[in-house]
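Enquirer: Residues per chain are reported as follows:
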Amino acid sequence: MKKSILIVLLIGFASVVQAQVSAEIELGAKGVMSGNIQNDNTNTASTVSDFSDSQLLLGFIEKLYNACIGQMVFGIQFPDADSDLGQVFYNHVFIKLENKNNIFKLGRSTTQTILNEFPTLRDDDAILFNYSLNPFSAGINTQDNQYGNVIEFTHIFKQRYWLILHGENFVDASEPDNFELNSYGASMQYIVPESQRWNRDVIQKIGISYNNYLTDRSGYSGYEKSLKNVLGTVTLNIKPDPINFIDLKIQGIYNVGFSEVDSLISFSEYVRSPSTSFFGTVRYLYRKLERPYIQTSAGFGYKSFSEVQGSEQFMGIANLFYRIGENFDIGLQYRYLKNSGQSANLFGKDEHRLQFTLVYSINQLFNNQFDDRNSILNLEHGYLK
Amino acid sequence: MERRDFIHYGAMGLAGMALLPANLYAAETKTTNQKLFPSPLPYSKKGEWKEFKLNIEIVEQELAPSMKIHTLAFNSTVPGPEIRVKKGDKVRVKFKNNTELNHTIHWHGIYVPWRMDGVPYVTQMPVMPGQEFIYEFTAEPYGTHFYHCHWGTLLHMQSGMYGSIIIEDDDDPIKKVFPYDREYTLIYSAHDVNFIRNELNGMLERMKERSYLMKTGRFNAERFNLFDTEKELLGAIETGYQPPYLVNRRTAADLPVPNWFTVNGKSYPSTPYLFINSGENIRVRLINAGTENHHLHLHGHDFWMVCDDGIPVPTPWQRNTVSLSPGKTYDIIIEGNNRGIWTFHDHDTRRVTNNGLYPGGNLLALVYEDLPEEERMVMSMGKMKMDNMNGKKNMLPKIALDE
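In order, the protein sequence lines correspond to chains X and G.
One point on numbering: in this note's numbering, the residue at position 57 of the first sequence is 67, and numbering is uninterrupted.
One point on numbering: in this note's numbering, the residue at position 356 of the second sequence is 364, and numbering is uninterrupted.
If you're looking for bench data, these hints aren't it; they were derived computationally from the structure.
Since this is a predicted model, take the numbers as computed values, not measurements.
Hints are not guaranteed to be accurate.
Said to hold, decoys possible - Okay, derived cross-link-like pairs now, DSSO-like style, lysine-lysine, Cα gap no bigger than 30 Å in a straight line: (1) G:102 x G:274; (2) X:249 x G:216; (3) X:298 x G:216; (4) G:216 x X:168; (5) X:395 x G:216; (6) X:395 x G:76; (7) X:249 x G:223; (8) G:274 x X:395; (9) G:223 x X:298.
Turn these sequences into a full structure, and let the hints guide you.
Expert: Here it is in structure tokens:
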């Protein structure tokens, strides 16, 4: 009886204390609806409504007793219809701790398989060229490369130099119940904060990254067993102007690969065969009334395989978005993919895809209580804990 | 550690937060207290002019221990320094804008020439980043007044852009009736610190762009939301311009809800003390530079209302509570006739809070300096036990943060 009373008291005490701290709530939502027309030489297919990449994010953020901020995020995403992920994919379930110069993240989230954000309709539109690909994946969906169970530590020097150390458990198609770390890596990036980007003269971002996938390479041991990727990226302000803004983004990936993999019959070989890929975009953004109004971009991707003669991949992509409301865009995107040599066996010889799209994306803060690390006040007038 | 132990230590921590003022009567306390009132702004004499220099910058302001916000600050202080002149003085104020925002200075209650009134686009163009503007006027009328920014007033005032201007008269009408030597200026304000932070960030972002466009000669009425005539505005709307107040440009109901209340830029327990002696009169100049009504109540005394908006009232009258509405100034005389330590606070007790927690806000105290030693008993909370409290009637007040 006494024990029960004590428990009730403790719960009461805890609830009184906790009632005085309410979390900041962040709601992020993105709806990407597109009508697609696709031709891959063998047939022409059309999709009335493709809502893949639409997602909902819910974050809870709170100041802790020290100078840290704690955050918990849940996110769901609607994957491609032909993926093996079902109707809904839980792309974010993580907790993050951060202070002025350090960030620690643990849980399901985006992986460090890309170093830049490219202006394509969907994040995975150029995934064969701008992502370091998951060698444990069966290649059926793109989420295997974009998301994983991660442990990440970031240290930020002088507001702009980001050192990220990370380990991941990528989805392993052959051992879906294995949750051990199967990758680790590090990156160093110079990143101009968002609020200062348009008025930088040239460099917006430079980064280099090393990813080491702990593969089980037959006949090798130790460090030689793993698959290594090196990524490099740069974003340059071609015309840093608040009305007519032009930037250039380029990323290269050198997949050291396994020299013995000299064919591209399966996705496993495609990822393990040594390759070099580049992807770049030029973007023009017209801002009206201090808000984005029209954006158009053109991109080009190229990938070659040093051990597979004659196998190359090309991609051209262009899009145009027109803002019809504060968070509402209407757009058109065209993508052309050409595969030669053995890569054509995997992805077809070539493909044209035209997409008409409507995009609605919001990011709303409720119960806002503290500032962002990258706000102008915190960046230029002293960081407040 | 057991959960029970955690709660035990947590409770001890809370008790430890009840900070004891080192010694209310120590010289150090009085020196520190002096800094909690607006400091007089020095001037240089240029011919017949008293020339003052004011600048504006963004600083970190500590409202209460461990609670800092970014604010706008005249000469790096909130409130700004006190301009104190004689009636009829020629006053020149050189105002330098060291921020990336636009500003002006409005001289609230002063008979300035209309071009010196500090209202952007009505009496002058805004003082843009890096610019200097010179205000010149004759100091009149007599009394307690204040100055504040009149650009983005809702944000800039509660962000700290206010200060007192006192116009003295050698033949002071109040002193004749209530002789006094000491006086205090108390400037009240209310702050929605979330509104301040978000709006300052947004305004800084916009102004960076606009300053850049101005420098490159690309002013645009719609982009700057600035039209020469109503006809021009209506014409722009007809061709697709969306005014910024519409719901498709901005979420509605974002008006600030103040959650911090300050006196001279500080919230309890950092608010100043008003020192007095038995038999002494002190003059307290009350200024409301904020957006809320404050119903100021003094315990144990009836004070004299002597000036309203700086103007001496024909017949002073007594009361113990005064409602100080936004933009208002009152002068009161407190007679030292009831020795002790007395609370002077907003009787709208929502304003005696910090972030919703009582006590806080504009809570301060009237302290008699001649309180006998035997009544100044101090006991550390850490040593206090319930049985020791019997018979200890006159312990000095502590700083309690949670009642």
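Enquirer: Compare the structure with each hint and give your call.
Expert: For each hint, the structure was consulted:
The hinted pair formed by residue 102 of chain G and residue 274 of chain G meets the criterion: a straight-line CA distance of about 27 Å does not exceed 30 Å. About 17 Å separates the Cα atoms of residue 249 of chain X and residue 216 of chain G, which keeps this hinted pair within 30 Å; it holds. Under the criterion of a C-alpha separation no larger than 30 Å, the hint pairing residue 298 of chain X with residue 216 of chain G is consistent with the structure, at around 15 Å. With a CA separation close to 22 Å, the supplied pair residue 216 of chain G and residue 168 of chain X stays within the 30 Å bound.
Using a Cα cut-off of 30 Å, the hinted pair residue 395 of chain X and residue 216 of chain G holds, with the two alpha carbons roughly 25 Å apart. Simply put, residue 395 of chain X and residue 76 of chain G have alpha-carbon atoms about 8 Å apart, close enough for the 30 Å limit, and the pair holds. Annotation: proposed proximity of residue 249 of chain X to residue 223 of chain G holds, straight-line Cα distance about 17 Å (limit 30 Å). For the proposed pair residue 274 of chain G and residue 395 of chain X, the alpha carbon gap of about 19 Å is at most 30 Å, so the pair holds.
Simply put, residue 223 of chain G and residue 298 of chain X have alpha-carbon atoms about 18 Å apart, close enough for the 30 Å limit, and the pair holds.
In terms of the numbered hints stated before, the structure departs from none.
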